[in-house]
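Number of protein chains: 2
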Amino acid sequence: MTPRSKPFDPRLDLKVEREVRASAETAWAAWTRPEHIRQWYAPAPGVIAECEIDLRPGGIFRFVPRQPDGTEHVVTCCYLEVDPFRRLVWTDALLPGYRPATTPFFTALMTLEPRGDLTLCTTVAMHGSEGNRDLHDAMGFHDGWGTVLDQLVAFAPGI
Amino acid sequence: MTPRSKPFDPRLDLKVEREVRASAETAWAAWTRPEHIRQWYAPAPGVIAECEIDLRPGGIFRFVPRQPDGTEHVVTCCYLEVDPFRRLVWTDALLPGYRPATTPFFTALMTLEPRGDLTLCTTVAMHGSEGNRDLHDAMGFHDGWGTVLDQLVAFAPGI
Chain A
1 MTPRSKPFDP
11 RLDLKVEREV
21 RASAETAWAA
31 WTRPEHIRQW
41 YAPAPGVIAE
51 CEIDLRPGGI
61 FRFVPRQPDG
71 TEHVVTCCYL
81 EVDPFRRLVW
91 TDALLPGYRP
101 ATTPFFTALM
111 TLEPRGDLTL
121 CTTVAMHGSE
131 GNRDLHDAMG
141 FHDGWGTVLD
151 QLVAFAPGI
Chain B
1 MTPRSKPFDP
11 RLDLKVEREV
21 RASAETAWAA
31 WTRPEHIRQW
41 YAPAPGVIAE
51 CEIDLRPGGI
61 FRFVPRQPDG
71 TEHVVTCCYL
81 EVDPFRRLVW
91 TDALLPGYRP
101 ATTPFFTALM
111 TLEPRGDLTL
121 CTTVAMHGSE
131 GNRDLHDAMG
141 FHDGWGTVLD
151 QLVAFAPGI
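These protein sequences, in sequence, are chains A and B. Residue numbering for the first sequence follows this note's numbering, beginning at 1 and increasing consecutively. Residue numbering for the second sequence follows this note's numbering, beginning at 1 and increasing consecutively.
Please keep in mind that the hints were generated in silico from the structure rather than gathered at the bench. Among these hints, one or two may not hold up.
Pairs count within a copy or across copies, as identical chains cannot be separated in the list.
[What the hints assert, rightly or not] Cut-off 25 angstroms, straight-line C-alpha distance, at most; resulting in silico cross-link-like pairs (SDA-like, lysine to any residue):
| hint | residue 1 | residue 2 |
| --- | --- | --- |
| 1 | Lys15 | Pro57 |
| 2 | Lys15 | Gly70 |
| 3 | Lys15 | Val64 |
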C-alpha cells in the first residue's frame with residue numbers, strides 16, 4: 001500500500017488552532033454563512049467585500065478580501081468535504097465543479113471538536129511543496145490565519 | 001451568483017461515451033476494483049502493471065500503465081465523489097488526502113445511466129486551460145480513452 005497523505009505534515013503544512021466560546025453548531029455557522037464570514041474572515045483592518053458559498057462537495061467558496069487602500073483580491077475555492085459541525089475541507093487547486101485551477105496553492109482542513117462549553121477549532125493548510133509552505137509562511141500565515149481565528153473567537157459567541 | 005463550472009465545456013473538456021452490455025452495478029465494479037481495472041484500463045498492447053484503489057472521497061486511485069517495451073508511468077489521483085453505480089469523480093490536481101499536486105492536469109467525471117439491458121458510460125476529462133485540453137487531445141485522448149472504453153465494452157459483460 002502507498003503511504004497515505006498524513007493529516008499534518010510539518011514539512012508541508014501550517015496549522016493554527018483556537019478554543020472558541022461557542023457550540024460546534026455556532027462555530028460551524030460562523031464558517032459557512034456568508035453574512036458571518038464577512039464579519040471576521042479578513043485580518044483587520046481589511047474586510048471581506050464579498051462572499052459566496054454553495055455548501056456541498058464541488059460547490060463554490062469565493063471571497064474577496066479588501067484592504068484599507070481599496071485593493072481587492074478574489075479567492076475562488078471548491079469545497080471537497082462538508083461534514084456539518086465537524087469537518088470542512090476546501091481547496092484552491094480546483095475551481096467549483098472540480099475543474100483544475102491553473103495556480104494551485106493550498107487545501108484547507110477545518111475541524112471542530114466540542115470541549116465542554118468550548119469548541120476547539122483547528123485549521124490546517126496543506127501544500128504540495130515545501131516551497132509553497134514556506135511561501136505561505138512568509139506571506140504571514142500565522143499572523144493572517146492566527147488573527148482571523150482570534151477574530152472568530154471574538155465574533156462567534158455573539159452569533 | 002458566479003457562473004458554475006459547466007458539466008461539459010467543449011473549449012476545455014474532452015468526452016467519450018459507450019454503451020456497455022452490462023448492468024450499472026457490473027460496469028461500476030469494472031471501474032472500481034483493481035483486479036478488473038487491470039484487465040481493460042490500458043490501451044492494448046499496454047497493460048496496467050499495478051492498481052490501488054481506496055474508494056472514498058480523499059482516497060487514492062493509483063495505476064501504472066506499462067508499455068510493451070517495459071516503460072512504466074505512475075498516475076496518482078484522488079477520488080472526489082463516489083456515488084455507487086452512478087457517478088465517480090477523480091483528479092490528478094490533488095494527491096490522496098486532498099494535498100495539492102505539483103502538476104495538475106485533469107479531473108475525470110464518469111457517469112453510468114441504465115438504458116434497458118445496456119448502461120451508457122460517459123467519461124469527461126475537464127482541464128483548467130485550453131492548452132491542457134489541446135495537449136490531452138494531441139496525446140491521443142480519443143484513441144486512448146476511446147480504446148479503453150471499447151475494451152470496457154468487451155470486458156464488462158464477462159464479469
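| query | Hint numbers the structure violates, sorted upward? | reply | Per hint list: single violation, 2.
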